[in-house]
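Visitor: Here is how the chains run, residue by residue.
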Amino acid sequence: MEKSPENKANKRREFIRSTARLTLAIGIGGVSGLALSKSTKEEWVWQIDPFECTQCGRCAEECVLTPSAVKCVHAFDLCGYCDLCGGYFKPGVIDLHTGAENQLCPTAAIKRDFIEEPFFEYTIDEDLCIGCGKCVKGCSAFGNGSLHLQIRHDLCLNCNQCTIARLCPSDAITRAPASKPYNFKGDFTKS
Amino acid sequence: MKNNRIAIITFFSGLLISVVSFAQQRFPRPDFESDYLVPSPLAPEPRWASMEILDVVILLIVLVLTSWLAIKKRSRRGILYLSVFALIYFGFYRNGCICSIGGIQNVTLTLFNPAYAISLTALLFFVLPLIFALFMGRVFCASACPLGAIQELVILKPISIPSPVRKVLGLIPYLYLGLSILYAATNTDFIICRYDPFIGIFRMDASFEMLILGGSFLLLGMFVARPYCRFLCPYGVLLNWMSSFSKWHLSITPSECVDCKLCAHSCPVDAINKPVIEPVSNRKDINKFILSILILPVLVLIGGYIGSKSHIYLSRANTTVSLAELMITQPELKNDPDHIDVQTFLASGKTMETLLEEAAVIRSQFYYGGWILGGFLGLAFGLIFMGKTIYRNRKDYEPDKGNCVSCGRCMDYCPVGKPDFDEIMKQIK
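Line by line, the protein sequences are chains A and B. Position one of the first sequence corresponds to residue 1 (this note's numbering), numbered consecutively onward. Position one of the second sequence corresponds to residue 1 (this note's numbering), numbered consecutively onward.
Please keep in mind that the hints were generated in silico from the structure rather than gathered at the bench. You may find that some hints are simply not true.
Just the calculated beta-carbon pair ranges, DEER-fashion [claimed, not checked]:
(1) A:A9 <-> B:N287: 15 to 25 angstroms
(2) B:Y313 <-> A:G29: 13 to 23 angstroms
(3) A:N7 <-> B:N287: 21 to 31 angstroms
(4) A:T66 <-> B:L291: 50 to 60 angstroms
(5) B:L326 <-> A:E62: 16 to 26 angstroms
(6) A:E62 <-> B:P337: 17 to 27 angstroms
(7) B:L54 <-> A:P5: 46 to 56 angstroms
(8) B:N282 <-> A:T23: 27 to 37 angstroms
(9) A:A100 <-> B:L54: 25 to 35 angstroms
Even for Gly, the Cβ is constructed at its ideal location relative to N, Cα and C.
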């Protein structure tokens, strides 16, 4: 019984199978070992570098979410609290009133509040903001650049490959460690 | 009023000149006389801040449970319930990210890009299903993969696909795997994630084209079971290798096969091998086998050559390369104010030379990548051909371990050990 050809063939097959299994196991072990030696405990999230951003408007269109997870964020400590705000008003407005025809924001997501003469506070209503960056462009061009775009992580699905990152013409969207998920202007200076 | 207007115009035109440089504090921060406090921007926590560990634990539990259900408990129903759970949790609740299939790209990017390091969670998601496949078969496909689960649930009337067609279509996953690794290694794109047909359904938000794609996969999946798993999934290739040599695997019959043929048509993915008795040693087959070994290096070389020849075409998916190409072939775009990529490049102050240099580096990576990709495809093709020349005597109906997704349908068809076994056998006879 022991030396029957069938038994021999079975033994040979079992040997080939275990060798192959060992090889594959070493393969997985090798690849994952190499990856493990570099891996981090930290998760990654996507974030915009506001100093690289050119406000091209793709954030509003390319995000897998509609509306986009990119929102305008206001770094208040950079703001000049101007009456004539380049981010709030369309260029060349005649009267500084808050009528829709005067507002740069297509969804009227910026709220303008009087603080004291001559200062006004501008806050973003993120439920309305679509991340188009029109106000950011205006604020960077005419003001202090305190308005800037950031990916909001309460909304972001954290796709493995961010669609906007791939299409961003200035490569401003990169992976950031989850412990430091925002690049706010103001408390963040370019090195 | 007029004065005001002139003031505004001069103000704006003056500022326009200094637009190029980012003047951080054009207007000084005001000293408020009232007790106004300057607020700071809100920083909402990442949505899934602490859930990643939970995901790995759930994946592990699902894999262990499926292995137990498939191999020990032999419960198709249990596997089905688990796959519904995976579809709801990993698919609809966690929105399909992160997944093991896409993990291929994260691992590749880690190995090739010094700037990226994979997170431990993503690595575990990639490795765990492979280890389980090496020991238990493709239990991941059975009930942990949301993409598999959604296709599993729409199977209505699966038709059997002839073996040659299956073999040819089965080469597509190899191509997809090779391409996804090439594009991830060159930091070009994650194509697996980008063309995932079901993620739009999981997120209930997708572009029209992707919804059509996902919908047609589901429609097709009613009659051709698991079309994505069998003829596209790049991770399936790896799982297939592992599972082919798995230590344990789901078996159709709990003990001895009685050759009743009841299970023969139960498998929706054509992964049941019928019994074959081949002549012990056939000179013609041995010759074919030797031939297949001899042409293997030739196929690898031919594949590599074709791959390297197509590197220019392949590299166009890279945004740097495509921008460089655009700038050369269509220089008039420099005057097109609406072309965002070109205008951003011009405004960035980067010189044309730097761009071309970068593009040339990426293109040469694609040249070598093309050789490896083509060689890999040639090898896969050759090995599949070689497999056709090897016969093995098989007495019973057995699952094809590489292609079996451990869904467990066949187990329900097997009469062995069922209470009405004698009755069934009488009817068959």
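Visitor: Hint by hint, note whether the structure agrees.
Guide: Here is what the structure says about each hint:
Take A9 of chain A and N287 of chain B: their Cβ atoms lie about 21 angstroms apart, and the range 15 to 25 angstroms holds. One distance hint, 13 to 23 angstroms for the beta-carbon pair Y313 of chain B and G29 of chain A, is violated here, with the actual separation near 36 angstroms. The given range of 21 to 31 angstroms is respected by N7 of chain A and N287 of chain B, whose C-beta atoms sit roughly 28 angstroms from each other. Taking the beta carbon of each, T66 of chain A and L291 of chain B are about 56 angstroms apart, inside 50 to 60 angstroms as hinted.
Against the hinted window of 16 to 26 angstroms, the Cβ-Cβ separation of L326 of chain B and E62 of chain A comes to about 19 angstroms, which satisfies the hint. Between E62 of chain A and P337 of chain B the CB atoms are about 20 angstroms apart, so this pair conforms to the stated range of 17 to 27 angstroms. Distance hint for L54 of chain B and P5 of chain A: a CB-CB separation of about 54 angstroms, consistent with the stated range 46 to 56 angstroms. Between N282 of chain B and T23 of chain A the beta carbons are some 29 angstroms apart, a value that agrees with the proposed interval 27 to 37 angstroms.
Between A100 of chain A and L54 of chain B the beta carbons are some 46 angstroms apart, a value that contradicts the proposed interval 25 to 35 angstroms.
Comparing the model with each earlier hint shows violations of hints 2 and 9; every other hint is respected.
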